[in-house]
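Engineer: These are the residues of each chain, in order.
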Amino acid sequence: MYILGISCYYHDASAALIRDGKIVAAAQEERFSRIKHDMSFPINAVNFCLKSLNITANDLDYIGFYEKPLIKFERILFQHLSFFPLTYKTFLKTMPSWINQKLRIITNIKKNLEYKGDILFIQHHLSHAASCFFVSPFEKAAIVTIDGVGEWTTTSYGKGINNQINLLQEIKFPSSLGLLYSAITAFLGFKVNNSEYKIMGLSSYGNKNKKSNPYYNYLKKAIKIKKDGSFKLDLKYFKFHYSDKMFSKKLCDLLKTKPRNPNRPLSRHHKDIAAALQMIYEDVFFKILNHVYEKTLCSNLSLAGGCALNSVANGKIIRKSPFKKIWIQPAAGDGGASLGVAYFIYNSILNHKRNYVQDTCFFGPEFSTGQVHEFLDKNKIHYSKFKNKNELLKKTAELIYDNNIVAWFQGKMEWGPRALGSRSILANPLNPEAKDILNNKVKHRESFRPFAPVVCKEDAAEYFECDEPLPNPADFMLMVYPIKKKIQKILPSVTHVDGTGRLQSVSRKSNPLFYDLLREFEKLSGIPILINTSFNIRGEPIVCTPYDAYRCMMGTGIDYLIIENFLVKREDNLQDKW
Amino acid sequence: MVRIKNMVNEFKQGFSDYFLNINVIINILLLSLVYLSGVGLTTLLSRLLKKKFINSKTKRKTYWNNLNLKKEELNRYYRQF
Ligand SMILES: [Fe+2]
Numbered sequence: 001m002y003i004l005g006i007s008c009y010y011h012d013a014s015a016a017l018i019r020d021g022k023i024v025a026a027a028q029e030e031r032f033s034r035i036k037h038d039m040s041f042p043i044n045a046v047n048f049c050l051k052s053l054n055i056t057a058n059d060l061d062y063i064g065f066y067e068k069p070l071i072k073f074e075r076i077l078f079q080h081l082s083f084f085p086l087t088y089k090t091f092l093k094t095m096p097s098w099i100n101q102k103l104r105i106i107t108n109i110k111k112n113l114e115y116k117g118d119i120l121f122i123q124h125h126l127s128h129a130a131s132c133f134f135v136s137p138f139e140k141a142a143i144v145t146i147d148g149v150g151e152w153t154t155t156s157y158g159k160g161i162n163n164q165i166n167l168l169q170e171i172k173f174p175s176s177l178g179l180l181y182s183a184i185t186a187f188l189g190f191k192v193n194n195s196e197y198k199i200m201g202l203s204s205y206g207n208k209n210k211k212s213n214p215y216y217n218y219l220k221k222a223i224k225i226k227k228d229g230s231f232k233l234d235l236k237y238f239k240f241h242y243s244d245k246m247f248s249k250k251l252c253d254l255l256k257t258k259p260r261n262p263n264r265p266l267s268r269h270h271k272d273i274a275a276a277l278q279m280i281y282e283d284v285f286f287k288i289l290n291h292v293y294e295k296t297l298c299s300n301l302s303l304a305g306g307c308a309l310n311s312v313a314n315g316k317i318i319r320k321s322p323f324k325k326i327w328i329q330p331a332a333g334d335g336g337a338s339l340g341v342a343y344f345i346y347n348s349i350l351n352h353k354r355n356y357v358q359d360t361c362f363f364g365p366e367f368s369t370g371q372v373h374e375f376l377d378k379n380k381i382h383y384s385k386f387k388n389k390n391e392l393l394k395k396t397a398e399l400i401y402d403n404n405i406v407a408w409f410q411g412k413m414e415w416g417p418r419a420l421g422s423r424s425i426l427a428n429p430l431n432p433e434a435k436d437i438l439n440n441k442v443k444h445r446e447s448f449r450p451f452a453p454v455v456c457k458e459d460a461a462e463y464f465e466c467d468e469p470l471p472n473p474a475d476f477m478l479m480v481y482p483i484k485k486k487i488q489k490i491l492p493s494v495t496h497v498d499g500t501g502r503l504q505s506v507s508r509k510s511n512p513l514f515y516d517l518l519r520e521f522e523k524l525s526g527i528p529i530l531i532n533t534s535f536n537i538r539g540e541p542i543v544c545t546p547y548d549a550y551r552c553m554m555g556t557g558i559d560y561l562i563i564e565n566f567l568v569k570r571e572d573n574l575q576d577k578w
Numbered sequence: 001m002v003r004i005k006n007m008v009n010e011f012k013q014g015f016s017d018y019f020l021n022i023n024v025i026i027n028i029l030l031l032s033l034v035y036l037s038g039v040g041l042t043t044l045l046s047r048l049l050k051k052k053f054i055n056s057k058t059k060r061k062t063y064w065n066n067l068n069l070k071k072e073e074l075n076r077y078y079r080q081f
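In order, the protein sequences belong to chains A and B.
With this note's numbering applied, the first sequence closes on residue 578, and no number is skipped along the way.
With this note's numbering applied, the second sequence closes on residue 81, and no number is skipped along the way.
By construction, these hints were calculated from the structure, which means they are not laboratory data.
Since we're looking at a predicted model, the values are computed, not measured.
Check each hint, because a few of them may be wrong.
Said to hold, decoys possible - Derived lysine-lysine pairs resembling DSS-like cross-links, with alpha carbons at most 30 Å apart:
{"id": "1", "chain 1": "B", "residue 1": "5", "chain 2": "A", "residue 2": "232"}
{"id": "2", "chain 1": "A", "residue 1": "140", "chain 2": "B", "residue 2": "71"}
{"id": "3", "chain 1": "A", "residue 1": "221", "chain 2": "A", "residue 2": "232"}
Unchecked claim - Far from chain B by the CB rule (all over 12 Å, computed), these chain A residues:
{"id": "4", "residue": "34"}
{"id": "5", "residue": "53"}
{"id": "6", "residue": "62"}
{"id": "7", "residue": "158"}
{"id": "8", "residue": "499"}
{"id": "9", "residue": "573"}
Every residue gets a Cβ at the ideal spot worked out from N, C-alpha and C, and that includes glycine.
Please model the entire structure based on the sequences and the hints provided.
Structural biologist: Right, dumping it as structure tokens:
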């Protein structure tokens, strides 16, 4: 039985295909269209999914859509009715896409895919919930979903037992933790729906003392929080409910400062505002978790929704809440909802037993050695070929140890926003200059952002003050933990200003080649840790194809590209530099 | 010959840009009409009737709303609402 899930028309369009309850292929449209957070109909992602099984759309048993468009439209109309005439501009801007796309989703799916079968619509937060429960290792779990907004829901929780989910309670738009986070992201001069994780990183630089950080108390006036974690935003500080702006002038008055101009440097107070926001997010988040535990009495927690990518808060769950085990969907945002809807149809609606645990995220396109070889030859690229896997591992480890920046392109592309060892850029964490080199040569990103360390799973506790046993979401770079004091000095490039690191743990079972590379590097350096950052040019999605990879290398200062069995040296191909 | 071809192409381009602009203007006018008459009048009516669509200001013990969302009959999933 084939079921295809689709999410699109908000942000992060994606498609996911499952066969008899197992994930076959899944990818976000942005990787193909090369438009970051592409929200258009995921035709390329769908075609990739179908092609991976050599089937056509009419072989599918069901297509599922990740939300109920008419309920969402009702919310949009109610916003217009509530805030007339302030919504005039938004009405003109958004109505054409509702008329042409969003309300014609059935026609669009059938036309784009030449599909004649059934299309099912699942509530947005139910899709999120399914994405983190049905593929989790738990038979029974509490489920929490937090995002910007779905149809009406912005936060929900419930319980999953075997192949059924019951979402018990919700918080509705316009009260939204995700939108609060986005509003402050905009206030600090960063891009909404894109840079929230940067604010999370920036928060570590701010004053984390609730008493002495004035912005904590100011910002708390914008949100009423109940003991049970439920909350309500004071709308006078925001504009997102009636315009495409996120915050109002009153928020500037509340915070006693102007919004930051994106071109101006970050000051002390910007960092304190980010810290205040993160503290408020965590206040609410842990109150919600405690409430959910009281209501569900379940010690397993499944988490999804865009806010589940807040790895700083995630790293504290075991310590600060009654939950003992956690599982988080690596594609926790709307991109992952396509997977959720497919599983909801298979497990819940069609009542199939659960038969799959998602312990990896490699569901994207892959390219055989032959295909890569052909690409290199066709484009007259200078390269050398490794004789075998051992030579590949040894040479790559040496190059990294010699402080080269190495791009690593192997196997199937990752599902979710993180590069986890298929489309990664690797560097030596022992090199105190690594962060600056990476920033100057490749990433050109804000200097306050640290790079992530990837570590062999068995050794994580030696270097990090992490929960033991290490929760599975650490495999997907979803947990931030303190780095042990004595290690911080050795690994400056991956140690954040507050002594933490967003680690990725790797087991041999989940990614043997990447794991073996860490072990090979350990032979040279004494530590099984590498810097792992996403393989992309700033502002572009992570690379997908050999062409994207080569283009990225030649457009940046990446020294070497290890692509399947081939080694491409940038210096040998300077004719393609641009 | 090339000059004539270029002229024809430019004329074609100008023609299509012109119609695109007309299209945008008509869309804006129509949408404005719908907004003012449809949304505007309904808002007026709802304000007279004191009907609130979102963000009720009532003081509450909790902001959690009961949801009880679980598996429904298959036919309900064919609906977009
Ligand atoms: Fe969402």
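Engineer: Any hints this thing doesn't respect? Which numbers, in order?
Structural biologist: Per hint list: 1, 6, 7 violated.
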